[in-house]
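Asks: When you get a sec, could you build the whole thing from the sequences and use the hints?
Residue numbering for the sequence shown follows the numbering used here, beginning at 1112 and increasing consecutively.
Treat the hints with care, as some may be off.
With a Cα cut of at most 35 Å, we get these calculated DSBU-like pairs of lysine-lysine [as the list claims (entries may be wrong)]: (1) K1273 <-> K1179; (2) K1113 <-> K1143; (3) K1141 <-> K1113; (4) K1273 <-> K1225; (5) K1179 <-> K1225; (6) K1143 <-> K1179; (7) K1225 <-> K1143; (8) K1179 <-> K1189; (9) K1113 <-> K1179; (10) K1113 <-> K1225; (11) K1141 <-> K1179; (12) K1189 <-> K1225.
Distance ranges between label pairs, derived from CB positions [stated by the list, open to error]: (13) G1229 <-> R1134: 25 to 31 Å; (14) P1211 <-> N1131: 29 to 35 Å; (15) Y1293 <-> K1143: 31 to 37 Å; (16) P1211 <-> H1296: 37 to 43 Å; (17) Q1166 <-> E1279: 18 to 24 Å; (18) T1268 <-> N1198: 34 to 40 Å.
Quick caveat, the hints were computed from the structure, so don't treat them as lab data. Beta carbons are placed, not taken as given, at the ideal position from N, Cα and C, and that holds for glycine.
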Amino acid sequence: MKRTALFFGSFNPIHHGHLNVARAAIETGKIKEVIFIVSPQNPFKRDVDLLPEQQRLGLVSAVLSREKQMTCSDVEFKLSRPNYTINTLRHLDVLLDSNPHTLLMGADIFVQMKTWQGATEMLSHDLMIYPRAGWQLPEESDKITLLNSPMISISATMIRQKVERQEEINHLVPEEVAAFFYETHLK
1112 MKRTALFFGS FNPIHHGHLN VARAAIETGK IKEVIFIVSP QNPFKRDVDL
1162 LPEQQRLGLV SAVLSREKQM TCSDVEFKLS RPNYTINTLR HLDVLLDSNP
1212 HTLLMGADIF VQMKTWQGAT EMLSHDLMIY PRAGWQLPEE SDKITLLNSP
1262 MISISATMIR QKVERQEEIN HLVPEEVAAF FYETHLK
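Replies: Here is the structure:
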């Protein structure tokens, strides 16, 4: 049975790397859809580095409106803060009870997640892990699927730095994201 992939992130901003990972997950034949879970506030990131939460949610929603098997969720916007991934996951486990789901994440998040609140419970879920530069992939197992996708060399941090320096970003982000930055930051 095909599963729903839950792709958690700040998406600050969403970029081609995120979309390529989601497409690669769908192309495995194991995933029927990818839900981008936009995090309004990340306990591990400084708020000063984040675009306003509604702007990030709006950008993800606009970009995914063209994608047939991808949607975005504001479920974390409705939970009390600070929120941790485990709380969202418990909430989604109830909502998606009859719909099997997999956590889609990079190798960097997989390694870091071991220190998170509720890590043992999160690691009991099915995981689909994609490669990230500088991070070792875990061994594949009955709970871990390794996503055979190209190494992603795009990061949201790099995009924000390029915006600060007034550099071209069209090749890194969908047109809605580029238009947003050109309108608000690159005039």
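Asks: Confirm or reject each hint.
Replies: Checked hints:
Taken as a hint, the K1273 and K1179 pair is honoured in the structure, with Cα atoms around 30 Å apart against an allowance of 35 Å. Between K1113 and K1143 the CA atoms are separated by roughly 5 Å; this keeps the pair inside 35 Å, and the hint holds. Note on K1141 and K1113: the hinted pairing holds, with a Cα-Cα distance of about 5 Å set against a maximum of 35 Å. Between K1273 and K1225, the direct Cα distance comes to roughly 31 Å. Compliance with the 35 Å bound is thereby established for this hinted pair.
This hinted pair checks out: K1179 and K1225 have alpha carbons roughly 33 Å apart, not beyond 35 Å. A distance of roughly 10 Å separates the Cα atoms of K1143 and K1179; the hinted pair therefore holds under the 35 Å criterion. Our distance criterion of 35 Å between C-alpha atoms is met by K1225 and K1143, whose separation comes to about 27 Å. Between K1179 and K1189 the CA atoms are separated by roughly 25 Å; this keeps the pair inside 35 Å, and the hint holds.
Of the supplied pair hints, the one linking K1113 and K1179 holds, its CA atoms being roughly 16 Å apart against a limit of 35 Å. For a cut-off of 35 Å, the pair hint linking K1113 to K1225 stands: about 27 Å separates their Cα positions. Straight-line distance between C-alpha atoms of K1141 and K1179 comes to about 16 Å, which keeps the hinted pair within the 35 Å bound. About 25 Å separates the Cα atoms of K1189 and K1225, which keeps this hinted pair within 35 Å; it holds.
Checked against the hint of 25 to 31 Å, the C-beta distance between G1229 and R1134 comes to roughly 29 Å, which is consistent with it. In this structure, P1211 and N1131 break the distance hint of 29 to 35 Å, their C-beta atoms being roughly 24 Å apart. Against the hinted window of 31 to 37 Å, the Cβ-Cβ separation of Y1293 and K1143 comes to about 35 Å, which satisfies the hint. The hinted window of 37 to 43 Å between P1211 and H1296 holds, with their beta carbons roughly 41 Å apart.
Hint check: Q1166 to E1279, Cβ distance near 21 Å, so the stated range 18 to 24 Å holds. Here the CB-CB span from T1268 to N1198 is close to 26 Å, at odds with the stated 34 to 40 Å.
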